[in-house]
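Visitor: Note that the protein sequences, when read in sequence, are chains A and B.
First residue of the first sequence: 1, per my numbering; consecutive thereafter.
First residue of the second sequence: 1001, per my numbering; consecutive thereafter.
Hints in this document: simulated from the structure, not taken from any laboratory.
For every residue, glycine included, the Cβ atom is placed at its ideal position computed from N, Cα and C.
The reader is advised that the hints may include incorrect statements.
DSSO-like cross-link-like pairs, simulated, lysine-lysine; straight-line CA separation at most 30 Å [to be verified]:
1. B:1101 with A:78
2. B:1101 with B:1070
3. B:1101 with A:68
4. B:1055 with B:1070
5. B:1101 with A:24
One side only, chain A facing chain B, incomplete, derived with CB under 10 Å [claimed, not checked]:
6. 93
7. 102
8. 103
9. 107
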Amino acid sequence: DAGVIQSPRHEVTEMGQEVTLRCKPISGHDYLFWYRQTMMRGLELLIYFNNNVPIDDSGMPEDRFSAKMPNASFSTLKIQPSEPRDSAVYFCASSLGGLVVEQFFGPGTRLTVL
Amino acid sequence: AQTVTQSQPEMSVQEAETVTLSCTYDTSESDYYLFWYKQPPSRQMILVIRQEAYKQQNATENRFSVNFQKAAKSFSLKISDSQLGDAAMYFCAFQGTGGFKTIFGAGTRLFVKA
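Using the sequences and the hints, build the whole thing.
Guide: And the structure:
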């Protein structure tokens, strides 16, 4: 398997623009997680899905952020409108069932909002 | 609320030597799980080792081992026979049994000197 795939790897955008980050989890995995990593706040869980259903979105910073998982092989994290403080590395991770299993991380998307 | 503290922002070790990275956590739960993740310059997060709190025996994975002290809420990572490829950021992480909300520490950057 190719692992968790994220696109784009880098995104530079202007403040106020809409940004869409994409993730393809490992085939067969039923949990998908979105994380944000910054120097100030470290690695934060934003939201996670189980079988395409959002389970906990308490980490989503504000209404400008939204995430969807229309099917088992695709998820998006959207920021609209984007702000400079959204600049971070966004990771997607997936795992297979159970309560404590390894989360497989994607390579991340480095977002820069000017 | 659970917290994870890594008090060493940076550590350095000579190749082939042993290094220990510290991690403490705070929780009121009795059952939980602890992890060490490695993040090399490629940004890819990789699980190094995990420990179930109900297990008294310390986990070991090849050159990596942990010293889990439940009463002290301490979970240190020992890397033996350090290799240049071990150079990375290392994150300690906590996961309770109530869900998938994994709490990450701020990370320790490990340098390996040749």
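Visitor: Now, for every hint given, state plainly whether the structure supports it.
Guide: Evaluation of the provided hints:
At most 30 Å may separate the alpha-carbon atoms for a hinted pair to count; residue 1101 of chain B and residue 78 of chain A meet this at roughly 21 Å. Distance check on the hinted pair: residue 1101 of chain B and residue 1070 of chain B sit about 20 Å apart at the alpha-carbon level, within 30 Å; holds. Proximity of residue 1101 of chain B to residue 68 of chain A is assessed by CA-CA distance (about 18 Å); at most 30 Å being required, the pair is judged to hold. For a cut-off of 30 Å, the pair hint linking residue 1055 of chain B to residue 1070 of chain B stands: about 10 Å separates their Cα positions.
With a CA separation close to 21 Å, the supplied pair residue 1101 of chain B and residue 24 of chain A stays within the 30 Å bound. The restraint placing residue 93 of chain A at the interface with chain B holds, with a minimum CB-CB distance near 7 Å, inside the 10 Å limit. Interface hint status for residue 102 of chain A: upheld, as the beta-carbon distance to the closest one in chain B is roughly 5 Å, under 10 Å. Satisfaction of the interface hint for residue 103 of chain A is found here, the shortest Cβ-Cβ separation to chain B being roughly 7 Å, below the 10 Å cut-off.
Against a cut-off of 10 Å between C-beta atoms, the interface hint on residue 107 of chain A holds, since the closest Cβ of chain B lies about 6 Å away.
Taken one by one, the earlier hints all hold for this structure without exception.
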